[in-house]
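Here the protein sequences line up with chains F and A, keeping their order. Each residue of the first sequence is one higher than the last, beginning at 1 in UniProt numbering. Each residue of the second sequence is one higher than the last, beginning at 1 in UniProt numbering.
Incorrect hints may have been included.
Straight-line alpha carbon distances no greater than 30 Å define the calculated DSS-like cross-link-like pairs of lysine-lysine that follow [unchecked claim]:
hint	chain 1	residue 1	chain 2	residue 2
1	F	78	A	310
2	A	404	A	167
3	F	216	A	275
4	F	106	A	404
5	F	492	A	184
6	A	387	F	106
7	F	127	A	228
Everything labelled a hint here was simulated from the structure, so no lab data went into it.
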Amino acid sequence: MLKTYDFTHLLLLSVLLWLCPPLHAEQQSATLTQAATLFQAADFNKTREAVDLLAASSDADVVTYLQALLDGKLYQDKVQGTLVIAKDGNTGDELRKIPTNNSLRKYVRGAIGQLSLSHPDAAVRLKSANGLLETVTPEMAEQLRGLLDKETDPAVKEALSLGLAMADLNAADKAVRLTAIESLAGNLHPGVRNRLTTMTTDSDAEVAKAAQAALKTIEDTAALYGHVETLFFGLSLGSVLVLAAIGLAITFGVMGVINMAHGELIMLGAYTTYIVQQLMPNFIDYSLFVAVPAAFIVSGAMGILIERTVIRHLYGRPLETLLATFGISLILQQLVRTVISPQNVPVSNPSWMSGSLEINSVLSLTYNRLYIVLFCLMVFALLYFVLRKTNLGLQVRAVSQNRAMARAMGVRSARVDALTFGLGSGIAGVAGVALSQLTNVGPNLGQAYIIDSFMVVVFGGVGNLWGTLVAGLSLGVVNKVLEPWAGAVLAKILVLVFIILFIQKRPRGLFPQKGRAAGD
Amino acid sequence: MSLPKVLNKTLLSLSLLAALGGSNLVVAADDTIKVGVLHSLSGTMAISETTLKDTMLMLIDEQNKKGGVLGKQLEAVVVDPASNWPLFAEKARDLIEKDKVAATFGCWTSVSRKSVLPVFEEKNSLLFYPVQYEGEESSKNVFYTGAAPNQQAIPAVDYLMKEGEVKRWVLAGTDYVYPRTTNKILEAYLKSKGVDEKDIMINYTPFGHSDWQSIVADIKKFGGEGKKTAVVSTINGDANVPFYKELGNQGISAEDIPVVAFSVGEEELSGIDTKPLVGHLAAWNYFMSVENDGNKDFIKQWKEYTKNDKRVTNDPMEAHVIGFKMWVKAVEQAKSTDTDKVAEAMIGQEVPNLTGGTAKMLPNHHLTKPVLIGEIQENGQFEVVSKTPEVAGDAWSDFLPDSKNIVADWTGKETDGKPCGNFNTETKKCSGQKYE
Numbered sequence: 001m002l003k004t005y006d007f008t009h010l011l012l013l014s015v016l017l018w019l020c021p022p023l024h025a026e027q028q029s030a031t032l033t034q035a036a037t038l039f040q041a042a043d044f045n046k047t048r049e050a051v052d053l054l055a056a057s058s059d060a061d062v063v064t065y066l067q068a069l070l071d072g073k074l075y076q077d078k079v080q081g082t083l084v085i086a087k088d089g090n091t092g093d094e095l096r097k098i099p100t101n102n103s104l105r106k107y108v109r110g111a112i113g114q115l116s117l118s119h120p121d122a123a124v125r126l127k128s129a130n131g132l133l134e135t136v137t138p139e140m141a142e143q144l145r146g147l148l149d150k151e152t153d154p155a156v157k158e159a160l161s162l163g164l165a166m167a168d169l170n171a172a173d174k175a176v177r178l179t180a181i182e183s184l185a186g187n188l189h190p191g192v193r194n195r196l197t198t199m200t201t202d203s204d205a206e207v208a209k210a211a212q213a214a215l216k217t218i219e220d221t222a223a224l225y226g227h228v229e230t231l232f233f234g235l236s237l238g239s240v241l242v243l244a245a246i247g248l249a250i251t252f253g254v255m256g257v258i259n260m261a262h263g264e265l266i267m268l269g270a271y272t273t274y275i276v277q278q279l280m281p282n283f284i285d286y287s288l289f290v291a292v293p294a295a296f297i298v299s300g301a302m303g304i305l306i307e308r309t310v311i312r313h314l315y316g317r318p319l320e321t322l323l324a325t326f327g328i329s330l331i332l333q334q335l336v337r338t339v340i341s342p343q344n345v346p347v348s349n350p351s352w353m354s355g356s357l358e359i360n361s362v363l364s365l366t367y368n369r370l371y372i373v374l375f376c377l378m379v380f381a382l383l384y385f386v387l388r389k390t391n392l393g394l395q396v397r398a399v400s401q402n403r404a405m406a407r408a409m410g411v412r413s414a415r416v417d418a419l420t421f422g423l424g425s426g427i428a429g430v431a432g433v434a435l436s437q438l439t440n441v442g443p444n445l446g447q448a449y450i451i452d453s454f455m456v457v458v459f460g461g462v463g464n465l466w467g468t469l470v471a472g473l474s475l476g477v478v479n480k481v482l483e484p485w486a487g488a489v490l491a492k493i494l495v496l497v498f499i500i501l502f503i504q505k506r507p508r509g510l511f512p513q514k515g516r517a518a519g520d
Numbered sequence: 001m002s003l004p005k006v007l008n009k010t011l012l013s014l015s016l017l018a019a020l021g022g023s024n025l026v027v028a029a030d031d032t033i034k035v036g037v038l039h040s041l042s043g044t045m046a047i048s049e050t051t052l053k054d055t056m057l058m059l060i061d062e063q064n065k066k067g068g069v070l071g072k073q074l075e076a077v078v079v080d081p082a083s084n085w086p087l088f089a090e091k092a093r094d095l096i097e098k099d100k101v102a103a104t105f106g107c108w109t110s111v112s113r114k115s116v117l118p119v120f121e122e123k124n125s126l127l128f129y130p131v132q133y134e135g136e137e138s139s140k141n142v143f144y145t146g147a148a149p150n151q152q153a154i155p156a157v158d159y160l161m162k163e164g165e166v167k168r169w170v171l172a173g174t175d176y177v178y179p180r181t182t183n184k185i186l187e188a189y190l191k192s193k194g195v196d197e198k199d200i201m202i203n204y205t206p207f208g209h210s211d212w213q214s215i216v217a218d219i220k221k222f223g224g225e226g227k228k229t230a231v232v233s234t235i236n237g238d239a240n241v242p243f244y245k246e247l248g249n250q251g252i253s254a255e256d257i258p259v260v261a262f263s264v265g266e267e268e269l270s271g272i273d274t275k276p277l278v279g280h281l282a283a284w285n286y287f288m289s290v291e292n293d294g295n296k297d298f299i300k301q302w303k304e305y306t307k308n309d310k311r312v313t314n315d316p317m318e319a320h321v322i323g324f325k326m327w328v329k330a331v332e333q334a335k336s337t338d339t340d341k342v343a344e345a346m347i348g349q350e351v352p353n354l355t356g357g358t359a360k361m362l363p364n365h366h367l368t369k370p371v372l373i374g375e376i377q378e379n380g381q382f383e384v385v386s387k388t389p390e391v392a393g394d395a396w397s398d399f400l401p402d403s404k405n406i407v408a409d410w411t412g413k414e415t416d417g418k419p420c421g422n423f424n425t426e427t428k429k430c431s432g433q434k435y436e
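Sequences and hints are given; from them, build the entire structure.
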């Protein structure tokens, strides 16, 4: 990592050194001087003309200048008007940054794309070919055909022929248009769909009909992927709910403690992520692997502390537990406000969690959500294993089913209580790490999730981990199915109303505990 | 114990007492003019409003060093309405009745302004309101030093239409009064510009919304239908961060679908990871990055006053600077702090703004302001990509059927000789709010 960093610096330095000589106007090429004059106007239209001018020139270093303009590193001497490429922050008062805006940057990107179609790197070629798709002119089509013959990389080849087919849609010859439509059928690229939509009003009836048919197949496929996408969104929202609720499923579900400070334990986990990232600023990519165990320990320890000092004295008095833990939640919030900051803190996403997995042009799954679905399942599996297969799990279940009997069998119930509460709290902390990647980390983070968590646990059936999993995921999916036609606000309300009605009918939730364990 | 020591001790305990009792206890002297500062110092709005309180203290301090106003020193009376809307009204009443302030500078959210409005009208006292808002109001007792919709929202849309050639619009906002009114105005404006109803998508989300995946996917679909699309965001507060993050993750860059925001400024950007926001736009009347001598001095003064080199300045701060300077000039011109005399002297006052122009107080109690569009940079600052000349603030939007015939004029020139903030030019009647 460090090495590449040094390397970029070296590269920048050499670029700078190499560019230092042309500080005097007479040494810059004629095109550059001409472009510099246009840049001086500080008008976006003039800058665009300058870009055209540069793109049309045959100078070898034009791409360097355009790239610098794109990156905001192109400066101009205020007096002499000479162009200078500079590192950020390395400019004096005599230099002025050449301003760009979004549409201009897009334009520059297109110009660079065209210039780098014959770049030796296939990835660069692919990027520039993709950038050109919708703007292939007849003159460019000839150039593309030439490039297509020489092209060896299959992905670039595909992109180029797609661009050519799009260009052919404008052809005067009907047969050419028909072939182009045929080759485009089933292609999910959004540009294709837009082009075909305009083709349905083609003057030639046969072409219009073919376009309509091609469009229909495209739209059917897109609709199918749309449903897959909704399902994924639902599962990802659901797994966030499950993560937030699963710790509560233990403390509330198994132990029967109404812990209003559960949200704040999640918040502590999120803040642990922030602190871990502050401690290792150069290794953000690995920070989460440290943050997960750290958050488990911090929140778990806090949970044990709360149990030993407060909750232990209030077993069997649910109302007082509720009030006491509510007080604890306020204390924890204020603690964070005082010690860290009342404002939200920035938590970075590791690079492997940014971006999305593109399955095709209409379906892409964002990595952060994908990882969180997987992470949720892992946490669930681990917790299930602990409760079912370990000694601690056996004792936890024994104590929760019949405390007196368990004690008679030699189980130290007080120790088990503390450990169970610590486990539930630790899992809440782990959920906080996941949430820090999705939402704002601030003192109020926990409050946003406490209601949802209780909802999931009650809906799933108190005391049942499977119930929590199924309830969380299904609530997520229902929410996302409702959202497109009801709106985000109404969808949430509808889900809440549904749960209230459901609880009326089945007070013990989806998977009620049966037999003696269900005792009152 | 020697005498100086005793004196020292007494002084110390006195100042301690004063600090403990809050500013309400500071001995009221007749030779000072009191100025109320009504900003939340606790609760959800504290993040934004505390800065404005500090700005006011700095301005008052500076004015006192220059010799005060009318030969008297100014005295700030700071109260904390704690982000609690009804408490705003109570605190405002205290300021006017008990402390007898000459004018009050305060409020942030529209709901807090609506809450104190009846108090200021009943007690006939002055309020300076420094935040951009939804318009549709003009009170005799309020001076609106923030932007009206025609000084922020509409120019931003114009910019995108012209520079970005945007044809389709997503109006996304948080579900409360400011976004709903602003979007109503924008929708009417877009339609008047020939934008088809099919090309406008409106979406509201709750406060603090964090699950943006389906909404962003919808925006992506909406924007992928061949016409250049932009998002006009009245999304408020910290819901913005996950929104921009999701845009980045779903591969939507500012070049594909730019987002122009009306509630994201330097202060909001200072606490977050700005990477996903780079290139997106915001519209304000002031940016910290504007290169200008007045602005440079102000930033320096602010950093020195707060003793923090990282502090940023923002648009509502500039509004307070303009409002305060105008008030000082008006009081000196009226030679009195009497509400009616000052209010009359306020209209037509001109002071230089911090972006190199001049702010003028109009008869409708709004200001002339330049509109700046900026692109978010990685360092949390904005790069100005467009700047208009000064635009006159319009209290009643011309694009809503209910208010297009309504004008406000506290000099009475356009309202049949009788000053009115809600005058219907068709029925020739002054109606609606109580502005007598």
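Each hint tested on the structure:
1. F:78 / A:310: 28 Å, holds
2. A:404 / A:167: 25 Å, holds
3. F:216 / A:275: 39 Å, violated
4. F:106 / A:404: This hinted pair is violated, its Cα atoms lying about 39 Å apart.
5. F:492 / A:184: At roughly 24 Å apart (the allowed maximum being 30 Å), residue 184 (chain A) and residue 492 (chain F) satisfy the hint.
6. A:387 / F:106: 21 Å, holds
7. F:127 / A:228: Holds - the C-alpha atoms of residue 228 (chain A) and residue 127 (chain F) are around 21 Å apart, at most 30 Å.
Checked against the numbered hints above, the structure violates hints 3, 4; every other hint is satisfied.
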